[in-house]
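*Asks:* Each chain is listed here by its residues.
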Amino acid sequence: MNLIKTALLGTAIAAAGSTAATADGHACAIDTGRISIIGNEFPAIQSVAALALECAGSAETASNLTADHQTLNVAGMTGNPAEYTSAIVANSSIVALINEDVIQPLDALVAEYGADIPSRQLITVNGQIMAVAFMANSQHLVYRKDVLEQAGLDVPTSYEEVLAAAEKIRADGIMQYPVGGAYAAGWNLAQEFTNMFIGTGGQFFEPGTANVTINNAQGVEALEMMKALTEYMNPDYLTHDSNATSAEWEAGNVALMNMWGSRTGVLMDEEGSTPEVYENTTVAGPLTVGDSGVPATTLWWDGWTLAKNISDEDAVTTFKALTHATSPALLNDGTMSQAVWLMDGFESQPVNEGVLASVAAGSTPYPMVPFQGLLHSALGDNIADFLQGTESAEQTLADVEAAYTAAATEQGFLQ
Amino acid sequence: MKHKAFFWFVLPSVVLMLLFIALPIVSVVTQSLYTQHEQVIISVENCGPFGCTQAQSVDQDATQALRNAEPLGKYVGLDVYKDRNHLAAAEVADAWEDSSSFREFWNTLMNLPFYGALAFTITYTAIVTPMTIILGFAVAIAINSVARSLRGPTIFFSLLPMIVTPLVGALILFWMVDARGILGTALQWLANDPSLSVKASTPLMWIMLMVYGTWSSIPFAFIVYYAGLQTVNQDTLEAAMIDGASRWERIRYVVIPHLAPLTTFIALIQLMDNFRVFEPIISFQAQAHARSLSIAIFTDLGGETRLLSSAAATSVLTIVFVAILLSPVLVRTWRDFGTKN
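Which chain is which? The protein sequence lines are P and Y, in order.
Residue 174 in this note's numbering sits at position 174 of the first sequence, and the numbers go up by one each step.
Residue 121 in this note's numbering sits at position 121 of the second sequence, and the numbers go up by one each step.
Bound-form chain P, shown alone (with noise of 0.2 Å):
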């Protein structure tokens, strides 16, 4: 996390230096190759791909940028000659491919025609090259700074204040259902709960090994603390990911919410929304829950791969067009706010201060293990149980186990 810190502090001397590495470099005139990138879908991302392809003009280019992009990645690869050329995936993804061994180490092409890319942004893996980081996301507290004035409340900095505020909120009739979230079943519910799990202190494994450890006290905690809160939720919350948590913020309803720093830009624009609530549209840091001390959020990072069953002739023209969108050149009015941008020329701008919070207060980056994923759709599945109240939390966590072993059993990661 230093080396952010050391990257913003640094950025106006890079700045001048990188402008200058961007005139003369960068062959961004690539005539042959093939260039196929599939990834998610937010602005940041659509940037990057967008100058990628830009850049690899004359090449034969394509992407394919969707929100289920998890689901197709791995299967677009495996083939030889793989349909696409790359993957942009953020830590938790890219294990799905080391683990099905369709990417490949990027050392040698680094050594070539990498040289002006910083060493925070190259991601490895047992001391190899596997992924080029290009922004940095984590998710933290967004609130609605009018609201918490006319309520005569100050900015929460742990759920427990969160749950204060909302009671509060509601009993001055400023809102029914002060608090948002993305609890969606599924992919969203498991991830609130690996934050706040994470936020109780708790170890999702025994160490060195894939046994689950969290049917205990943290797991218990990090659920009830998910529940109270679901009390100031809209009671459709399990309905509510990401997308539509934000449409409920744009809307006015919810004055308090744990959302992705990338999707904040959003909220703070013009668009979709009225002057009273983008204007008092304000980030804070992550939050904590008792009294770990550790902040119940995780840090991502975005980057992207390039597939293993490819022609080096693809793989360099690939990869150069991402090292050009990945650089100080994607920088621009425009895309500065997007995200927190890991490339030299980065200035931060109001909205990203919630995610720079994050990475400042020493949150836990997501884990990158094997065996995570599975525990995340264990997870995904079964928490819904106990917030709609037909099963206790002991006997959820107890679901989640099982239903995670059963996985990793057929996975090869248990005996």
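Since the hints were made in silico from the structure, they are not lab data.
Note that the structure is predicted; figures quoted are calculated from it, not measured.
Any given hint might turn out to be false.
[What the hints assert, rightly or not] Which bits of chain Y does chain P cover? Going by a derived footprint, with three or more residues having C-beta under 8 Å, they are:
| no. | segment |
| --- | --- |
| 1 | 122 to 130 |
| 2 | 194 to 208 |
| 3 | 294 to 306 |
[To be verified] Below, in silico cross-link-like pairs of lysine to any residue (SDA-like), each with a Cα-Cα straight-line distance of 25 Å or less:
| no. | chain 1 | residue 1 | chain 2 | residue 2 |
| --- | --- | --- | --- | --- |
| 4 | Y | Lys-74 | Y | Val-28 |
| 5 | P | Lys-308 | Y | Ala-69 |
| 6 | P | Lys-308 | Y | Pro-71 |
| 7 | P | Lys-308 | Y | Trp-334 |
| 8 | P | Lys-308 | Y | Ala-65 |
| 9 | P | Lys-308 | Y | Ser-13 |
| 10 | Y | Lys-74 | P | Thr-71 |
| 11 | P | Lys-308 | Y | Gly-73 |
| 12 | Y | Lys-74 | P | Gly-208 |
The beta-carbon is built from N, C-alpha and C at its ideal position, and this holds for glycine as well.
Since chain P is already given, all that's left is putting chain Y on it; use the hints.
*Replies:* Just chain Y, lined up with the frame of chain P:
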């Protein structure tokens, strides 16, 4: 038709069926008997923008050697079928031993993912199939008695649920039953309960899914019945009228027996379709309230780590259950066929 001519006549369809139906089923069954090899896990240091952490990773070289030796994976027989995420043989046996009442056993059973999904799937099929047949028949009878000049537009409107893409149709309803939508607000007003929300209540969500399922498949039953109605023998109907049969009696004793084979056909298709209920759950974002067998397969394949064997086992179990469900209808068809010859 001569046997030889018959052979050449059906050959293309038999070949296609073998290629696109039989072979994939064989492959799915095979897949369900194998699991991934034991993964060779090594401790590694991962570095990135947030510093370095100790983590585990799969040793690709060692694992690749295992995969090359046995490309299909590790043969486990029926283990995947018996594990907790499928038939849960051990868990069900334990629950049977430990439960003091049938109710307790039932609750334990419904808490297991496969049986929970099966319960919804069977309920959905058992309610939506007859509703579709009854309402489809009613619509066909009603439209058949509409003045001829109005029939065209009426038929078009009745077919709309089928013409609208299922996902779009479901999404429209999804927003209408939202707590702030027109139907959701109407329900709150009717029930006099401002906190009522279809999306937050499991029973209401089940009803919503079944209403949607019926709504979207009525046109299919309707159009088949409507076509059948055009072939009803008018002489028989007139004879019945002369004999003093009421409108209901004519439907009961002339029309319904005439349409019986069509009912068998619609029941067959609808049983198969409804047992694979999928889109409504996705578009209503109802995974928290209702899971079907198809949804179980979808989530197995849609996670960050794909569970191919698990998905294959659920697929095979779905095929088995569809076969069981269809067997009465198939036996009936076979008997009808036999009597005609």
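*Asks:* When the structure is checked against the list of hints, which entries are broken? Sort them ascending.
*Replies:* The structure conflicts with hints 1, 7, 9, although it agrees with all the remaining ones.
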